[in-house]
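Work the whole structure out from these sequences, hints included.
These protein sequence lines are chains A and B, in that order.
Letter 202 of the first sequence, counting from 1, is numbered 191 in this note's numbering, and no numbers are missing.
Letter 247 of the second sequence, counting from 1, is numbered 236 in this note's numbering, and no numbers are missing.
Quick caveat, the hints were computed from the structure, so don't treat them as lab data.
Treat each hint with caution, since some may be false.
If chains are identical, the list can't say which one is meant, so a pair holds when it fits in one copy or spans any two.
As the list claims (entries may be wrong) - With a Cα cut of at most 20 Å, we get these calculated SDA-like pairs of lysine to any residue:
(1) K238 to A2
(2) K238 to D269
(3) K238 to P227
(4) K238 to H77
(5) K238 to F35
(6) K238 to G3
(7) K238 to P216
(8) K238 to N76
(9) K238 to P179
(10) K238 to S226
(11) K238 to M(-10)
(12) K238 to D(-9)
(13) K238 to T(-4)
The structure displayed is predicted, hence computed values, not measured ones.
Protein chains: 2
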Amino acid sequence: MDFTEETATPAVAGSFEGTADPRLREVLGSLVRHLHGFVREVEPTFEEWERAIRFLTETGQRCDDTRQEFILLSDVLGVTMLVDAVNHRTASAATDSTVLGPFHVVASPRRELGDTIDLVGAGEPCVVSGRVSSMDGTPLAGALLDVWQADDHGFYDVQQPGTQPEGNGRGLFTCDHEGRFWFRTVTPSPYPIPTDGPVGRLLAATGRHPYRPAHIHLIVAADGHLPVTTHVFVAGSPYLDSDAVFAVKQSLVRDFARVDDPDKAAAYGVEPPFRHAEFDVVLQPAHGPEAG
Amino acid sequence: MDFTEETATPAVAGSFEGTADPRLREVLGSLVRHLHGFVREVEPTFEEWERAIRFLTETGQRCDDTRQEFILLSDVLGVTMLVDAVNHRTASAATDSTVLGPFHVVASPRRELGDTIDLVGAGEPCVVSGRVSSMDGTPLAGALLDVWQADDHGFYDVQQPGTQPEGNGRGLFTCDHEGRFWFRTVTPSPYPIPTDGPVGRLLAATGRHPYRPAHIHLIVAADGHLPVTTHVFVAGSPYLDSDAVFAVKQSLVRDFARVDDPDKAAAYGVEPPFRHAEFDVVLQPAHGPEAG
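See below:
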């Protein structure tokens, strides 16, 4: 029987019926139905199909050890945040998650509490502090905080090897016996996602700006708890309502308050004035809230 | 407003509303709805999402000047043939089209009618002949035939640079004043699509064989007519009913008849016995059948 518009989808879905792994079979069956549904709806010309093939090929070829253009594509299409949403359905007091982003591609250097992750010294001094606790309020001593952020020009260290020192804007911190953490950095700025690749061209062609509101990335992990991949966003930052990757959650926005008090500055080892954000993190016990 | 399961699809589709090109806006809106529908249906874990990102990245990175793994992926998912189907809806007497395939990546060398495209001399001698005409039967003098096929081991020249002579299995022929063509080659064999990349791993994981039935590729073009990208398939070949890329149409299957007659062999400049296939091609006038 010929492959026609009528027989196409059952023929291809049927070709995957012999898949041994039932989950892979389910995913591929769904992929075929939705992908064919898209083709049937837009009826691409061959030229459009060729453009799509080229776009996907260039997206793959733009990836290397420090750049992940397919994650960026997933991000700007809202797929990453949708995957996040379907995986975090239970309303809970735990800290909300958000996108990993494409720049968590190297191990962050270990640092001591109070250290700065800013190895350059350009930008407005900033202190971030908080406490990691379980959902019942128990402090999580020794919780691990992996933080990374762009420099004051909006670039991550891995985007500028040779220009930025390796590990600039990154740090792996261990909380103290009360689950507390504090570290120094520079106040984050809004910045564009990389626009010099296929995803940047897509945004330009669609009149979308490439900016993300000011934020610091964190992955927080502790024994017996589910880790959380999240951001802390700077209250009042431009683009909080139009993040290019749809990652803003109101629960993650914090004041980065200006502090002029020289005693407070001295306590953190910075020069006044500086910014100070408090960001407490609540983790969910690994076996459900009742196991906490 | 936070990005949630409820707001996700309108938020992302809405972000493309400012797209100047109305067709691009339509395609992206549809893409977002179908892609999000797929995510909602399968609810991928983050590990599954990461596998998908890696798969797409590796697919892009497997492409080079002589290999197009994304076309291969489109082929095995039936997308290529579905695009072909929605673009060739009108039932007509014109020759059916089928997939281009991933190996039409270099210009075929010009050859004279009767030349062989087999530069190696291994395999069973074969002659392909036919006539190119318009839908009303008018012969199309000077029609161009671009043909390419795998060697008797199932490889295209571009897959084996250094092993096969450049241009082996390829030829660009100009039909005579009666629209006739004939050329020599070796009888094509079934062969597997390349299995040493992500698409091959997908087929292996799903228990699908990678084989294509024996065929010769053709693109036929003539002034004032729509070109056709097609194959001629060998009747009786294995895999005619389970082509890995879903490209078989019954109208394109021909007998490759065994010929023992020494006079006929001499007329084509081959040694008997040889195979002979007749494949007439009918092109559609560029401005609809009435313009023929």
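Hint-by-hint comparison with the structure:
{"no.": "1", "hint": "K238 to A2", "in the structure": "between (38 Å within a copy, 19 Å between copies)"}
{"no.": "2", "hint": "K238 to D269", "in the structure": "within (15 Å within a copy, 63 Å between copies)"}
{"no.": "3", "hint": "K238 to P227", "in the structure": "within (14 Å within a copy, 57 Å between copies)"}
{"no.": "4", "hint": "K238 to H77", "in the structure": "within (13 Å within a copy, 47 Å between copies)"}
{"no.": "5", "hint": "K238 to F35", "in the structure": "between (40 Å within a copy, 19 Å between copies)"}
{"no.": "6", "hint": "K238 to G3", "in the structure": "between (41 Å within a copy, 18 Å between copies)"}
{"no.": "7", "hint": "K238 to P216", "in the structure": "within (18 Å within a copy, 53 Å between copies)"}
{"no.": "8", "hint": "K238 to N76", "in the structure": "within (15 Å within a copy, 43 Å between copies)"}
{"no.": "9", "hint": "K238 to P179", "in the structure": "within (16 Å within a copy, 55 Å between copies)"}
{"no.": "10", "hint": "K238 to S226", "in the structure": "within (13 Å within a copy, 59 Å between copies)"}
{"no.": "11", "hint": "K238 to M(-10)", "in the structure": "between (52 Å within a copy, 8 Å between copies)"}
{"no.": "12", "hint": "K238 to D(-9)", "in the structure": "between (50 Å within a copy, 5 Å between copies)"}
{"no.": "13", "hint": "K238 to T(-4)", "in the structure": "between (44 Å within a copy, 12 Å between copies)"}
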